[in-house]
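**Q** Protein chains in written order, with the numbering used here: chain A, 1 to 400; chain B, 1001 to 1352.
It should be emphasised that the hints constitute simulated quantities derived from the structure, not laboratory data. Every residue gets a Cβ at the ideal spot worked out from N, C-alpha and C, and that includes glycine. Treat the hints loosely; a few may be bogus.
Here are the computed distance ranges between Cβ atoms for each label pair [what the hints assert, rightly or not]:
#: 1; chain 1: B; residue 1: N1017; chain 2: A; residue 2: V39; range: 31 to 41 Å
#: 2; chain 1: A; residue 1: S67; chain 2: B; residue 2: S1278; range: 34 to 44 Å
#: 3; chain 1: B; residue 1: K1154; chain 2: A; residue 2: D94; range: 27 to 37 Å
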Amino acid sequence: MTKKVYITGIGAISAIGNKVSENYESLLAKKSGIGAISVLDTVHKGEIPVAEVKLSDKELKHKLALSGDDALTRTALLGITAVKEAFENASVYDIKKYRTGIVSATTVAGMVAREKYYLDFLNSDFLNEHVNTFEAADSTERIADFFGIKEFMTTVSTACSSSANAIMTGVRLIKSGLLDRVIAGGTDALSKYTLNGFNTLMILDREKCKPYDNERKGLNLGEAAAYLVLESEETVKKEGKIPLAVVSGYANANDAFHQTASSPEGYGAYSAMIQALKTANLKPQDIDYVNVHGTGTPNNDLSEGRAMLKVFNGKVPKFSSTKAYTGHTLAAAGSLETVFSVLSLQKKVIFPNLNFQNPMREFDLIPQTEILKNVKVKHIMSNSFGFGGNGTVLIFSETK
Amino acid sequence: MVYINGAASISPQNSINFDVFLKGMKVYEDLFLKSLTPDYKKYMKPIEARRMSKTVKNGIICSQIAMNEAEIEIPDAIIFGTALGIVSDTEKFLEKMLYDSERYLTPTSFIQSTHNTVAAQIAHKIKCRNYNFTYVNRGFSFESTLLDAIIHLKEGKKNILAGGGDEMTEHYYKIIKKTGMFKQDETKNTDLLKYETSGALCGEAVSFFVLSDDKKTETYAELKDLRMFYKPENNSEIISEVELFIESNDLQCSDIDLIVAGYSGNKKEDEIFDNVLSDKFPETPAAYFKHLCGEFQTASSFALWLSGNILKYQKYPDFIKLNARISGKISNILIYNHYFNINHSLILLSEA
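Turn these sequences into a full structure, and let the hints steer you where they fit.
**A** Structure below.
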């Protein structure tokens, strides 16, 4: 049984860049991707800011050299784009060389296409290929078919913690000896369904979100896809690869409090962080930086903050939310923030929490608001919490 | 070792009690098969029953029965597999949004519509703060759930609550029917394999199991192994997958005492089962189950409920028999299912 599972490649497309290097540049330039709606067709245009990938479906297809006729949803197109980059980054060219699987996360799945055609499907004889793209598995299968992945596939949907969970499943599949390599991550395109759903919950900020700020008013939705190539210790050795990071800790816990809200004390968050530290065999003080879930909703940031104070016994390490850059990208959030965490480990930088001004009145937690370069970053904790009380915490470490 | 210590299913049949189930199958002549409605009052408060959708309620009930049977209160993990999630609430929100141009929406159906609602609501109800997961990969949704549960037990966990299920609605059926995947007209479930029409008979069910690392007197069966394979290119690939699976468990095809096959009434793709059965299991007693629950992505969870009961009680009714071969003692059952030749799965169960 393999002891370690390494990250050997990363790929990402988000509102702040169509590939990892562009994301990195935006992070360093403090350039947010949140703005007025331009791609999504909705009555909320101009009223609710979002973080969109700045390419149309046609442009995404063109970049992948796909024909215009393929019934590919935006969710699948974003996914293929990010997976392609991750495989290239990991120098994976022969999928069949090792037992390779895919664990992909999505919440919106094919809803992006379904909401366009639904009434015609339902009320008339109209039919097109998107009648088959609704299921969550669609984007995963499209990615698998594009790259010829046949050995194993599954799809995860646990709301905002989906892709953190996909990574956790990928790691466990490799550790159990069932697979040698897993492409793990998540993809979610913006849909009217999601935008209106979150809007009814009244947790969408009408301006750019302010994670961990006392005046925070909610989150901004975003779209993205981000994937990592996970490989077993043996495969890395055989291939002579220099891995980017090791997934040293992981835990999944449920808050068991409310379908859409976190407990004020953050039971689930606390439990997930403590268990993740345990699997990593690390002490709280070993963590150099926390990429917090930090959505900017009053509820999340309070609950997560309190849980961190408890986990770290009042001495919370440097932390920031990168959601003021990318928006909350739902099923892609955990893997996108993993990509950012890998960049932090590699480049020895900590990315700032934008739009923060005033500490919350409940505690004196102050996120990192400026870029830190040449800092010690050995172990990073990444938090993801979501609807249904689903919470997952991952820990990434240097490979040296 | 992985043991099934609790099992419950709510389906179009009287599956809440195996004795009642054995007495006779429910006969339907309909476009798709619908789950029977349990007496919700017995299991939850009226306000909960009103608020929650069918799949959530049935999931809660099945999980409770399975946990009672296994004599556990809090599992180490709750995992659910569903391809479509909560279709009824998804449609409610989607249709209101589209008909009213994104205005006058309320959050209730949106909140209930997320795929992870079943696993989350069970956790909430029993205050279980442990691992909570939802897999949503078409015909691998329930199989992924089982695999995750098996890995958990290997990692040292004790009791895993694992379930699978999907629901079908009038509107969903109306749309999906256009693809030609499902029967276009009312179909009599008792005659499922006699129809010459293409398309499967659509259905629904929810099932839950407690998988544990220790055997009890009431244990249903041992879950020996599980294999998924995706979009096989031809029949020989399927045959070799089946051979490899049996061999890797130190068995021969002749050691299988009963095959439970996923015949769906879809003539062309049912031939896949014919081929495997005639090629590898020419003398083996065989049974089918989709005339009972219909075809849906997580139908293998109903097959697992059925097969677990067959192993435990060492009997099965005539109405599931595919051939007249007689089973003696039933020690090994192989469940072979596929969903429209996309997702294939093999599940091996043995007497505990």
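**Q** None of the hints should be skipped; say for each whether it holds.
**A** Verification of the supplied hints:
1. B:N1017 with A:V39: 31 to 41 Å: 53 Å, violated
2. A:S67 with B:S1278: 34 to 44 Å: 41 Å, holds
3. B:K1154 with A:D94: 27 to 37 Å: 29 Å, holds
Hint 1 alone, counting from the list given before, is not met by this structure.
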